[in-house]
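Counting in the working numbering, the sequence shown runs from 12 upward without gaps.
Because the hints were derived from the structure by calculation, they are not lab data. Don't be surprised by glycine CBs; every beta carbon is placed ideally from N, CA and C. Errors might be hidden in some of the hints.
[Stated by the list, open to error] Here are the in silico distance ranges between beta carbons for each label pair: (1) Ala79 to His43: 18 to 24 Å; (2) Thr216 to Ala176: 23 to 29 Å; (3) Asp94 to Thr150: 19 to 25 Å; (4) Ser203 to Thr45: 39 to 45 Å; (5) Gly204 to Gly152: 27 to 33 Å; (6) Asn82 to Thr219: 26 to 32 Å; (7) Ser207 to Thr45: 42 to 48 Å; (8) Gln77 to Asn34: 30 to 36 Å; (9) Ser80 to Ala38: 36 to 42 Å.
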Amino acid sequence: TFDRGVYVANSSGIGHNLQGAINAVPAGTTIHLTAGTYTGNFTIDKRIVLDGAGSGSNAAANTILQSASGNTPVITVTAGGLDATNRLTIKDLRVTGATGGENPGAGILVAGSTAIGHLTLDNVASVSNQGAGIAFNNTAGIADVAISGATIQNNGNAGIRIASAVPSFIGLSVGDTLVSGNATSGFSYNPSGTLSNVGTGFDFTNVTFTNNSTAGVTNAHDVSIFGFHGDASLTNVTVNSGNGAAANSNSYGILFTNASAYAAAG
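Produce the entire structure from the sequences given, and follow the hints as far as they go.
Structural data, given as structure tokens:
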């Protein structure tokens, strides 16, 4: 039973059935994952707190979620929180090894056909996935997403990707985060440039973008924001756009394209 609201899982016991634990617990439960490697592809479809032991690469001291199947994100999120206080939270863990395109090969994919809001990703590392590190592809809109203390690195697509299929994204906070070595953009909003999309309330504070667009793809930048109709604030944001051996002369540090936005930087 899970009536105490906290469930502890470990990779040697329930590691092969973490999805079963997610399915079984009621909304509002905290699932603590002990250090170790959990192999699988997991869907979170209710408000829970998924709390690991750390986001480093050493499985003896950290919690690593390793993809098992192709064309499936390591974690797919199809629900959100109840309100700003009662959030769906993923924290202190590492996701890696997803294979496939930008969305199906993502480390974490937020997707569905109903509105999703009040989502927190805290001290999460999303590294070495073939798709995006963190992707949003929800067709009914997203609101109030907080990403903090994250490492989003060496993914085969964008670091953080908000697909043009997302018609409305209101409230994104990214803080104290490293976005590095991703093959296309470090941050990509509305890559198709759909002018009817609404994005606003974007805040980046103490974020470092380093050597993204490593594949030299056209229209891929460290920060790439297309068709933006809202407010964005960039504070203490560092951009190093070396792009290594695959340097792309068409790649920029920060680019707003086809935008009617107010962007504040300080």
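Status of the hints after comparison with the structure:
1. Take Ala79 and His43: their Cβ atoms lie about 22 Å apart, and the range 18 to 24 Å holds.
2. Our hint of 23 to 29 Å for Thr216 and Ala176 holds, since their Cβ atoms are close to 27 Å apart.
3. Taking the beta carbon of each, Asp94 and Thr150 are about 22 Å apart, inside 19 to 25 Å as hinted.
4. With their beta carbons about 42 Å apart, Ser203 and Thr45 fall inside the hinted range of 39 to 45 Å.
5. Separated by about 18 Å at the C-beta atoms, Gly204 and Gly152 break the suggested range of 27 to 33 Å.
6. Restraint check, Asn82 to Thr219: a C-beta distance of roughly 31 Å satisfies the suggested window 26 to 32 Å.
7. As the Cβ distance of Ser207 to Thr45 is approximately 46 Å, the hint placing it in 42 to 48 Å holds.
8. Hint check: Gln77 to Asn34, Cβ distance near 20 Å, so the stated range 30 to 36 Å is violated.
9. For Ser80 and Ala38, the hinted distance range of 36 to 42 Å is not satisfied, since their beta carbons lie about 26 Å from each other.
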